[in-house]
Amino acid sequence: VYGTPSKIKTGGTHLDNLFICGTDQGFLGIVGAMLSGISMANLHILQKA
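Note that this note's numbering numbers the sequence shown so that position 25 is 25, with each residue one more than the last.
Everything labelled a hint here was simulated from the structure, so no lab data went into it. Backbone N, C-alpha and C fix where the C-beta goes; we use that ideal spot for every residue, glycine too. Mixed in with the good hints there might be a few duds.
[Claimed, not checked] Distance ranges between label pairs, derived from CB positions:
#1 Ser-39 with Pro-5: 27 to 33 Å
#2 Lys-9 with Gly-29: 17 to 23 Å
#3 Leu-46 with Thr-13: 26 to 32 Å
#4 Pro-5 with Leu-46: 27 to 33 Å
#5 Gln-47 with Pro-5: 15 to 21 Å
#6 Leu-15 with Gly-37: 17 to 23 Å
#7 Met-34 with Thr-10: 24 to 30 Å
#8 Ile-45 with Pro-5: 16 to 22 Å
#9 Gln-47 with Thr-13: 17 to 23 Å
#10 Ser-6 with Leu-43: 14 to 20 Å
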């Protein structure tokens, strides 16, 4: 498994407006990285609109 051993489902970090996505967020492989990016965009950008 890639990335950090502790996964945060919100993708948040200690920095404002910096969100982790892709394999570091807990999804594996190319498709997982795409799904993670979509999930973070939905959670942090599209829901605010």
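So, going through the hints one by one against the coordinates:
1. Remark: the range hint 27 to 33 Å for Ser-39 to Pro-5 is contradicted by a beta-carbon distance near 20 Å.
2. With their beta carbons about 18 Å apart, Lys-9 and Gly-29 fall inside the hinted range of 17 to 23 Å.
3. Checked against the hint of 26 to 32 Å, the pair Leu-46 and Thr-13 fails, with Cβ atoms roughly 20 Å apart.
4. Separated by about 29 Å at the C-beta atoms, Pro-5 and Leu-46 satisfy the suggested range of 27 to 33 Å.
5. At about 28 Å, the beta-carbon gap between Gln-47 and Pro-5 misses the expected band of 15 to 21 Å.
6. Judged by the Cβ atoms, the range 17 to 23 Å given for Leu-15 and Gly-37 holds: they are separated by roughly 18 Å.
7. For the pair Met-34 and Thr-10, the supplied restraint of 24 to 30 Å is violated, since their beta-carbon distance comes to about 18 Å.
8. Distance hint check: the CB atoms of Ile-45 and Pro-5 are about 27 Å apart, inconsistent with the given range 16 to 22 Å.
9. For the pair Gln-47 and Thr-13, the beta carbons lie near 19 Å from each other, so the given range of 17 to 23 Å is met.
10. With their beta carbons about 18 Å apart, Ser-6 and Leu-43 fall inside the hinted range of 14 to 20 Å.
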